[in-house]
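Chains as they are written, first to last, in our numbering: chain X, 1 to 247; chain D, 1 to 325.
Think of the hints as simulated: they come from the structure by calculation, not from any bench.
Please note that a few of the clues may not be correct.
As the list claims (entries may be wrong) - Examples of chain X residues lying across from chain D (beta carbon under 7 angstroms, computed):
id, residue
1, S2
2, R9
3, K22
4, R81
5, G84
6, K87
7, E88
8, R96
9, V216
Every residue gets a Cβ at the ideal spot worked out from N, C-alpha and C, and that includes glycine.
Each chain, letter by letter, is given below.
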Amino acid sequence: MSELEAIYRILLRELIRYWRDKSRIISSFVQPVLFLLVLGGGFSFIKLGNINYQVFLFPGIVAMSLVGISISSGISVIWDREFGILKEILVAPVSRTSIFVGKALGGCFTALIQGTIVLSLALLLGVPLTPSSFLLSVILMIIISLGLVSIGLIIASLIETIESFGVIMNFLIFPLIFLSGAFYPLKEAPEWLRLISYANPLTYGVDALRYVIIGVSFLPFAISSTVISLFSISAIFIGGIAFNKQK
Amino acid sequence: MYIIETFNLTKEFNGLKAVNNVSLQIEEGEIFGLLGPNGAGKTTFISMLCTLLRPTSGTAKVNGFDIIKQQSEVRKSIGIVFQDPSLDNRLTGRENLEMHAGLYGVPKAERKKRIEEVLDLVALSDRADELVKNYSGGMKRRLEIARGLIHYPKVLFLDEPTLGLDPQTREHIWEYIKKLAKRENITILLTTHYMEEADALCNRVAIMDHGEIKVLDTPENLKNSLEGDVIILEANRSETIAEKIKSLEEVKKVHIIDNKIFITVKNAEIFAPKILEFAKSNDVTVTSMSMRKPSLGDVFLHYTGREIREEKAEKVGMEKFRRRI
């Protein structure tokens, strides 16, 4: 019971901090929307089969809106460490696993809020969302962001200085998004690009989301959804171990 | 039963003994001070008692629980105010306290009442709903002390509670700590490198240096153990007269620092007039004279052979202070 309470408290803290940081909310919301309107709008003359490029891009943008916020909320543990809050939390009579779970759920929740807002832009684009496709999208978003938050938490357990924060964000987030097939169809991509994309877990997340939201995909949904789930489960598992082992 | 008892507690870092074979007992309800310069091993000592660091050898009991085998029980029994700030600046004071209460499993029904109670104790009730970001250094410290009390710990650890605070704020914090000890009847273990702080607050003081306890007693007994008062004299021809004073029978020690003559004698009240007469008969004019009982600083000097390196400590304090802002 007290472990559940601790998880809730840590999650709540993440939500309060997210809510107070209006500039971060806006900036992390504006970026995907810009991509959707400018990139999608600019290339809207392109048709992929009978699908408009902007519509094709949309599920990728939904995934993109999850990436930055998930990873950064995982990595935010290094800020907690720098400002001493982590020490206060770690010395409390609760297990590290609960602290990890609270952190992961907190990051997942904030990413989910953001992703759902972006998902709701489907109405503007005329992409039909049914209750079941909406629900499936939310489940996929939870799976994707839990995995990414865990990746952030693993990184935070490994590095010690906040100076590395910016570098990691740039070197991780952009390749992750660009090489995920969010912006282009993998079917048409050159061989080397496709091979790299296969190694990127986000590729499967984007592909699964695309199948659920607009009904097309590169891989069978059963495969993409299984791979992204396996990725998240192992990231959570490794993240939990890394978090338990850190100083 | 002692509330804290350590058994040959030792912590090594890369072969260096930060805490060396410390065994001590602390009684329930005491304010116990660990006095020593920076780097003496005070924080390491406390970190082991808080279960944050695992001892290299030896162990300790806090509230009857073993710090190695019963970590969770130990953690429930203690409150900690760390040396470095540990508040979430983006939450309000109250939110910081609520999070702590949740983490320590304070029953929901009690939570509100206890938060009001501790806020009242540190006089922060009217600022509780502001973001901690906007608090002053002293307010943050008070909030941390309040936070350490919400779960009604048996022992409160205060690691350098007034480091980097201005003298006035420091005295305020002292007042809160005293009030606390009286009202809540908890045991307080504090570390400090400020001698006045140990003197003003503690029932007993252990002087720590290079990871070892050099001496442990009440501040009164420690000072009395030197068996001497200090007379401070300013005079012309100080070198000459100092030499002559040295030869007097009652005099234990004579130092000259900055042209002032420090004379250690057994009983300053009786000896002072004699000194004046003695100076006069040697044709030396005394321009000022003062007497004091020995301070804990003198005690520290006596047992370690060094000054407490106050200057260096102040510098570190300023750096911490900057971080605190």
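Against the structure, the hints:
no.: 1; hint: S2; verdict: 4 angstroms, holds
no.: 2; hint: R9; verdict: 4 angstroms, holds
no.: 3; hint: K22; verdict: 12 angstroms, violated
no.: 4; hint: R81; verdict: 10 angstroms, violated
no.: 5; hint: G84; verdict: 3 angstroms, holds
no.: 6; hint: K87; verdict: 6 angstroms, holds
no.: 7; hint: E88; verdict: 4 angstroms, holds
no.: 8; hint: R96; verdict: 12 angstroms, violated
no.: 9; hint: V216; verdict: 42 angstroms, violated
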